[in-house]
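S.K.: When we follow this note's numbering, the leftmost residue of the sequence shown carries the number 1, and every step to the right adds one.
Keep in mind the hints are simulated off the structure, nothing from the lab.
Take these hints with a grain of salt, some might be off.
Heads up, simulated DSS-like pairs for lysine-lysine below, C-alpha to C-alpha not over 27 angstroms straight-line [as the list claims (entries may be wrong)]: (1) Lys63 x Lys83; (2) Lys17 x Lys140; (3) Lys185 x Lys27; (4) Lys34 x Lys140; (5) Lys140 x Lys64; (6) Lys17 x Lys63; (7) Lys166 x Lys83; (8) Lys64 x Lys50; (9) Lys184 x Lys166; (10) Lys27 x Lys50; (11) Lys50 x Lys34; (12) Lys140 x Lys26; (13) Lys27 x Lys140; (14) Lys184 x Lys27; (15) Lys63 x Lys50; (16) Lys17 x Lys27; (17) Lys177 x Lys34; (18) Lys83 x Lys50; (19) Lys185 x Lys50; (20) Lys50 x Lys140; (21) Lys17 x Lys50; (22) Lys34 x Lys64; (23) Lys34 x Lys63; (24) Lys185 x Lys34; (25) Lys166 x Lys185; (26) Lys27 x Lys177; (27) Lys177 x Lys17; (28) Lys166 x Lys177; (29) Lys177 x Lys140; (30) Lys17 x Lys184.
Label pairs and their computed distance ranges (CB to CB) [said to hold, decoys possible]: (31) His164 x Asp2: 39 to 49 angstroms; (32) Asp204 x Asp57: 30 to 40 angstroms; (33) Asp57 x Ala10: 28 to 38 angstroms; (34) Arg79 x Ile182: 35 to 45 angstroms; (35) Ala207 x Glu23: 36 to 46 angstroms.
Beta carbons: idealized from backbone N, C-alpha and C, even for Gly.
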Amino acid sequence: MDVGHLPLFASNVFYLKADIDVEPIKKIDTGFVKAAQYTGEQVGVIDTSKPNFQVLDQIPDTKKALLEIFERINYDLLRYTNKWAISTSWITVTEEGLDGQVHNHRNCFYSGVFYFDHYDEEGIAPLEIMTPLQYHSSYKLQRADDMDNSPITLAEQWVIPPEHQKLILFPSYLNHKIGRQIGKKPRYSLAFNIIPVPPYGVADSQALDLSK
Numbered sequence: 001m002d003v004g005h006l007p008l009f010a011s012n013v014f015y016l017k018a019d020i021d022v023e024p025i026k027k028i029d030t031g032f033v034k035a036a037q038y039t040g041e042q043v044g045v046i047d048t049s050k051p052n053f054q055v056l057d058q059i060p061d062t063k064k065a066l067l068e069i070f071e072r073i074n075y076d077l078l079r080y081t082n083k084w085a086i087s088t089s090w091i092t093v094t095e096e097g098l099d100g101q102v103h104n105h106r107n108c109f110y111s112g113v114f115y116f117d118h119y120d121e122e123g124i125a126p127l128e129i130m131t132p133l134q135y136h137s138s139y140k141l142q143r144a145d146d147m148d149n150s151p152i153t154l155a156e157q158w159v160i161p162p163e164h165q166k167l168i169l170f171p172s173y174l175n176h177k178i179g180r181q182i183g184k185k186p187r188y189s190l191a192f193n194i195i196p197v198p199p200y201g202v203a204d205s206q207a208l209d210l211s212k
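Based on the provided sequences and hints, a complete structural model is requested.
M.R.: In C-alpha cells form, the structure reads like this:
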C-alpha cells in the first residue's frame, strides 16, 4: 500500500564529538555523585552525601565551551530566541556492578552528558533514554521485533554507549538512567542542565528577571 508516515513531535536528542580539553575535568577528584550498593531497597539509588552540583564553576572555560555548543545547536536547529545558562553540573562515577536510577530533570530545559574519559573496556555502562509516550496509553503491548531490530521511530528505549569526547544533549523531561556497569574500571561522566534566562513567556505566563 502507498501509505504516508509522519513521525511527528520528536524529542530531539543531539550528539557530537566535542573538541573540548578534558584535562581540567580530570583534575577534579571530589564531589562525585556515586551509584549506591545493590543492597535491599538501595538498588539503583544515587549516593549524594557530599555532591558538588556546581562543578563547572571550577572550570569556567569548559562551562563556556559546553554552553556555546548548545547555543549553536539551538540557533541552527531549535530556533529559540532565548538566552541560556548552565544551572547545575556534576561528575558521576559508576563502579562495577552498579547503575543509576531512572530520573529526569525538573526545572530544566535541556540536559547534557559529556564523556571526558576513555571507555575502551568491554561492558561500559551506556546511557539509557526512555520514551515519554508510555504515559499516554492505557495498553502495554508487545511487538514482533526486539529492541535491537525495531526502527528508531518505534523505540520505547534507546541506548547510547559512551565514547571519548562524545557530548549528548537531550530534553530534560526524558526519563533516563546509567545502565549497569559491567566493566571493572569505574565509569566517569560529566552531566549538566541548561535553563532559559528570564525574561521569557508572554502575557500572563511571563517569567521576568526579578534580580533587577
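S.K.: Against this structure, judge whether each hint is valid.
M.R.: Going down the list of hints, with the structure as the test:
| no. | hint | verdict |
| --- | --- | --- |
| 1 | Lys63 x Lys83 | holds (15 angstroms) |
| 2 | Lys17 x Lys140 | violated (36 angstroms) |
| 3 | Lys185 x Lys27 | holds (18 angstroms) |
| 4 | Lys34 x Lys140 | violated (33 angstroms) |
| 5 | Lys140 x Lys64 | violated (43 angstroms) |
| 6 | Lys17 x Lys63 | holds (16 angstroms) |
| 7 | Lys166 x Lys83 | holds (24 angstroms) |
| 8 | Lys64 x Lys50 | holds (25 angstroms) |
| 9 | Lys184 x Lys166 | holds (21 angstroms) |
| 10 | Lys27 x Lys50 | holds (18 angstroms) |
| 11 | Lys50 x Lys34 | holds (10 angstroms) |
| 12 | Lys140 x Lys26 | violated (43 angstroms) |
| 13 | Lys27 x Lys140 | violated (46 angstroms) |
| 14 | Lys184 x Lys27 | holds (21 angstroms) |
| 15 | Lys63 x Lys50 | holds (21 angstroms) |
| 16 | Lys17 x Lys27 | holds (21 angstroms) |
| 17 | Lys177 x Lys34 | holds (13 angstroms) |
| 18 | Lys83 x Lys50 | violated (31 angstroms) |
| 19 | Lys185 x Lys50 | holds (22 angstroms) |
| 20 | Lys50 x Lys140 | violated (39 angstroms) |
| 21 | Lys17 x Lys50 | violated (30 angstroms) |
| 22 | Lys34 x Lys64 | holds (25 angstroms) |
| 23 | Lys34 x Lys63 | holds (22 angstroms) |
| 24 | Lys185 x Lys34 | holds (14 angstroms) |
| 25 | Lys166 x Lys185 | holds (19 angstroms) |
| 26 | Lys27 x Lys177 | holds (25 angstroms) |
| 27 | Lys177 x Lys17 | holds (21 angstroms) |
| 28 | Lys166 x Lys177 | holds (17 angstroms) |
| 29 | Lys177 x Lys140 | holds (21 angstroms) |
| 30 | Lys17 x Lys184 | holds (25 angstroms) |
| 31 | His164 x Asp2: 39 to 49 angstroms | holds (45 angstroms) |
| 32 | Asp204 x Asp57: 30 to 40 angstroms | holds (35 angstroms) |
| 33 | Asp57 x Ala10: 28 to 38 angstroms | holds (33 angstroms) |
| 34 | Arg79 x Ile182: 35 to 45 angstroms | holds (40 angstroms) |
| 35 | Ala207 x Glu23: 36 to 46 angstroms | holds (37 angstroms) |
Of the numbered hints given earlier, the model fails hints 2, 4, 5, 12, 13, 18, 20 and 21; all others are met.
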